[in-house]
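No gaps in the numbering here: position 206 of the sequence shown is 212 in our numbering, and each next residue is one more.
To be clear, the hints were calculated from the coordinates, so they are not data collected in a lab.
Please note that the accuracy of each hint is not assured.
With a cut-off of at most 20 Å between alpha-carbon atoms, the simulated EDC-like pairs for lysine to aspartate or glutamate come out as follows [to be verified]:
#1 Lys335 with Glu349
#2 Lys33 with Glu67
#3 Lys307 with Asp293
Since this is a predicted model, take the numbers as computed values, not measurements.
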Amino acid sequence: MKKLILFFVLIIITSIHSYAQWERCSKGLYRYAGIDEIVINGNDIFAGWDGIAYLSTNNGENWTEKANGMEGSLQTSIAIKGNNLFIGNGLHIYLSTNNGESWTEKKSGLRGCCYTLAVKDNYVIAGTRTSGIFLSTDNGDYWIPKNSGLDDLMSLEITYFAICGNNIFAAGGGRGVYLSTDNGDSWTLKDSGLTNTYITSLAICGNNIFAGTYDGVFLSTDSGDIWIQKNSGLTETNVYSLIINGNNLFAGTSVGIFLSTDNGDSWIEKSSGLTSNCVLSLAIKVDTIFAGTSDGVFRAKLSDLITDVKTEEKENESYIISPNPVSDKLIIRQKNDFNSPYEIINLLGIKVLTGELSGEYTTINTSQLTQGLYFLRIGNEVRKFMKY
């Protein structure tokens, strides 16, 4: 009888383990850390909580606090520009040039409370509460206000940026979405069709731009001129975070994570294993998706969430690339030959980028590439990818 009971217990444990899609990976983080942002840079994963940066170099297994010389205890925003790591945490913006080992404050010219940061070409853009948008061309040494077209700054919160080509989209808190096509010199409000104008997140893939709100997800295919609500199957409409991987759109909500494979026409929940269903941030590193929640960081294999993701790599493939299509950062994961040179070639056969792979993960800045098809060549292997 005891053997029979043990047999059924083992079946139950095995079933639970195989069903769970997400696992907690928060060693080194405070137990109830609310992770505002997760940013991937090659092999490094940065997480922001309570105005402080944490770094993991082993896929989230362990986290180390990186706060030397830093003050602040508000929402954390992280942006990476080459070897420069920027963090905004309220009244402060900090720069680190040594992967977070030390920080220098960079707020000359900046006003208001910094809510979000982004990088476009050689610029760093900061969104604030009560003071609008600022741009720096010198790695934060001086910030220039860029508020033409933004009204009543004292009641405006810039909560998120999304960049595609010459278009900069800014989430205007309770106003809707603003668009600039001239590096922030002027802004135009784009809110037609939005039933809730408090924008929490933005994500872009090609001509599709998605906005997360407290009334679900909205899609625009015309640079924000018209927004269409996309909530079928979305059982919770408080959306905090969005991320795109190929044809797959993930939404982090107050009750878990949802996946759409048809541009938001339908959604299915993918939350098994989460101990906190409040998902504040999302990031993807090659074949793994990370979720920042009110209970730390969780991770899952994309192949456990998406049925069309390949679970096995071909034996002759020595490296894989992601995401594809790509916006501003292409990540290469390689199995060997860590110091191999690479070339990116356009359709005319012209080399537009060259460099050398370093380590298991290498991040290539593709933000200055124009939209279109490109080829990545490493040795005798060639991969193609789309830039949008």
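Outcome of the hint check:
no. : hint               : verdict
1   : Lys335 with Glu349 : holds (15 Å)
2   : Lys33 with Glu67   : holds (7 Å)
3   : Lys307 with Asp293 : holds (6 Å)
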